[in-house]
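Visitor: Sequence:
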Amino acid sequence: MDFLCWCCLSPAWDDADDDTSLSRKLTVVGDGACGKTSLLLRISRDVFDDDSYDPTAYEKDVVDVFAGNRKIEMVLQDCAGQETFDRLRPVVYAETDVILICFSLDNPDSLFNVENSWIQEVQFYCPDVPIILVGNKKDLRDSGPNGLTSTGQKFVTSQEGKDVAKRIQAKGYFECSAKDGENCKKLLGASVRYSTMHRPFNSESAR
612 MDFLCWCCLS PAWDDADDDT SLSRKLTVVG DGACGKTSLL LRISRDVFDD
662 DSYDPTAYEK DVVDVFAGNR KIEMVLQDCA GQETFDRLRP VVYAETDVIL
712 ICFSLDNPDS LFNVENSWIQ EVQFYCPDVP IILVGNKKDL RDSGPNGLTS
762 TGQKFVTSQE GKDVAKRIQA KGYFECSAKD GENCKKLLGA SVRYSTMHRP
812 FNSESAR
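Okay, so the sequence shown: first residue is 612 according to my numbering, each after it adds one.
For the record, the hints were derived by calculation from the structure and aren't laboratory data.
Note that the structure is a prediction, hence the values are computed from the model and not measured.
The beta-carbon is built from N, C-alpha and C at its ideal position, and this holds for glycine as well.
Fair warning: there could be bad hints in the mix.
Stated by the list, open to error - Simulated pairs of lysine-lysine, BS3-like, Cα-Cα distance not exceeding 27 Å:
#, residue 1, residue 2
1, Lys-797, Lys-782
2, Lys-671, Lys-765
3, Lys-682, Lys-671
4, Lys-773, Lys-790
5, Lys-782, Lys-796
6, Lys-790, Lys-671
7, Lys-777, Lys-797
8, Lys-765, Lys-790
9, Lys-682, Lys-765
10, Lys-682, Lys-773
11, Lys-796, Lys-777
12, Lys-797, Lys-773
13, Lys-777, Lys-765
14, Lys-777, Lys-682
15, Lys-797, Lys-671
16, Lys-682, Lys-797
17, Lys-796, Lys-773
What the hints assert, rightly or not - Okay, the calculated beta carbon distance ranges per label pair:
#, residue 1, residue 2, range
18, Gln-764, Val-673, 31 to 41 Å
19, Leu-699, Gly-763, 29 to 39 Å
20, Lys-765, Asp-657, 23 to 33 Å
21, Val-673, Glu-732, 20 to 30 Å
22, Asn-680, Thr-768, 34 to 44 Å
23, Glu-684, Gln-770, 32 to 42 Å
24, Ala-705, Gly-758, 38 to 48 Å
25, Asp-675, Val-702, 39 to 49 Å
26, Lys-797, Ser-754, 13 to 23 Å
27, Thr-762, Asp-661, 12 to 22 Å
28, Glu-771, Arg-698, 46 to 56 Å
Sequences are here, hints too, so could you generate the full structure?
Guide: What follows is the structure, encoded as structure tokens:
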């Protein structure tokens with residue numbers, strides 16, 4: 612379990628008492644093989660695992676985020692995107708405080724599916740939960756020869772990602788690289804902030 616300091620506090624922290632330990636849940640969804648698991652490994656353990664892809668129904672990790680004497684236990688819930696696991700995902704959505712919808716910057720179809728599949732599912736199961744759109748595998752786009760993917764497609768541009776984020780009413784849009792860690796800590800910070808705005812400390816109750 613890693614320990615990170617998040618100092619850019621939102622108004623949601625104002626009524627929290629010192630020495631308070633609270634829990635918030637972050638759920639990550641998106642197409643299979645779009646980089647969800649690698650992203651969470653970078654956030655929670657600061658590692659990158661480039662081994663063979665092995666989808667599972669869901670995985671969970673925890674990272675403790677500190678602000679002064681206040682600690683938030685962020686439960687990071689990963690969920691497989693394959694249709695095989697469609698029946699299991701509703702269980703994963705329960706008690707979620709912030710959702711990351713992920714796509715891969717080297718796979719335009721995965722961004723198409725954000726608007727035509729994932730946002731509908733998320734809004735059905737978590738209608739009031741804040742959403743952050745995340746474009747994964749930024750390092751591939753940065754190093755792609757001639758601006759093309761390994762399959763000859765064009766990479767998703769930052770503007771295309773921002774446009775989709777606006778249309779699905781996401782709270783924010785991040786482009787991340789689990790390989791080199793780019794923007795991963797910033798994404799965690801934003802996730803903490805939106806999770807506490809969704810369920811402020813002064814409304815905390817046993818769950």
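Visitor: Take the hints in turn and mark each one as holding or not.
Guide: Results of checking the hints against the structure:
Proposed proximity of Lys-797 and Lys-782 is supported: the alpha carbons are some 14 Å apart, at most 27 Å. With a CA separation close to 33 Å, the supplied pair Lys-671 and Lys-765 exceeds the 27 Å bound. At roughly 19 Å between alpha-carbon atoms, Lys-682 and Lys-671 fall within 27 Å of each other, so this suggested pair holds. Restraint check for Lys-773 and Lys-790: the C-alpha separation of about 22 Å stays at or below 27 Å, so the hint holds.
Restraint check for Lys-782 and Lys-796: the C-alpha separation of about 17 Å stays at or below 27 Å, so the hint holds. Of the pairs offered as hints, the one joining Lys-790 and Lys-671 holds, with about 20 Å between alpha carbons and a cut-off of 27 Å not exceeded. Simply put, Lys-777 and Lys-797 have alpha-carbon atoms about 19 Å apart, close enough for the 27 Å limit, and the pair holds. A hinted pair counts as satisfied when its Cα atoms are at most 27 Å apart, and Lys-765 with Lys-790 qualifies at roughly 21 Å.
Distance check on the hinted pair: Lys-682 and Lys-765 sit about 42 Å apart at the alpha-carbon level, beyond 27 Å; violated. Of the supplied pair hints, the one linking Lys-682 and Lys-773 is violated, its CA atoms being roughly 32 Å apart against a limit of 27 Å. Proximity of Lys-796 to Lys-777 is assessed by CA-CA distance (about 22 Å); at most 27 Å being required, the pair is judged to hold. As the CA atoms of Lys-797 and Lys-773 are separated by approximately 17 Å, the hinted pair is consistent with the 27 Å bound.
Simply put, Lys-777 and Lys-765 have alpha-carbon atoms about 21 Å apart, close enough for the 27 Å limit, and the pair holds. For the suggested pair Lys-777 and Lys-682, the alpha carbons sit about 31 Å apart, so the restraint of at most 27 Å is broken. Between the alpha carbons of Lys-797 and Lys-671 the distance comes to roughly 20 Å, so the proposed pair stays at or under 27 Å and holds. Between Lys-682 and Lys-797, the direct Cα distance comes to roughly 18 Å. Compliance with the 27 Å bound is thereby established for this hinted pair.
A threshold of 27 Å between alpha carbons decides the hint, and for Lys-796 with Lys-773 the separation of about 20 Å falls inside it, so the pair holds. Judged by the Cβ atoms, the range 31 to 41 Å given for Gln-764 and Val-673 holds: they are separated by roughly 36 Å. Roughly 34 Å separates the CB atoms of Leu-699 and Gly-763, a value that falls within the hinted 29 to 39 Å. The hint said 23 to 33 Å for the Cβ distance between Lys-765 and Asp-657, and at roughly 31 Å that hint holds.
For the hinted restraint 20 to 30 Å between Val-673 and Glu-732, the CB-CB distance of approximately 25 Å keeps it satisfied. The hint said 34 to 44 Å for the Cβ distance between Asn-680 and Thr-768, and at roughly 43 Å that hint holds. Take Glu-684 and Gln-770: their Cβ atoms lie about 36 Å apart, and the range 32 to 42 Å holds. For the pair Ala-705 and Gly-758, the beta carbons lie near 41 Å from each other, so the given range of 38 to 48 Å is met.
For Asp-675 paired with Val-702, a C-beta distance near 25 Å fails the hint of 39 to 49 Å. Roughly 21 Å separates the CB atoms of Lys-797 and Ser-754, a value that falls within the hinted 13 to 23 Å. Checking the proposed 12 to 22 Å range against Thr-762 and Asp-661 shows it holds: the Cβ atoms sit about 19 Å from each other. Taking 46 to 56 Å as the suggested C-beta distance range, the pair Glu-771 and Arg-698 does not conform, at roughly 31 Å.
In the structure shown, a violation is registered for the earlier hints numbered 2, 9, 10, 14, 25 and 28, in ascending order.
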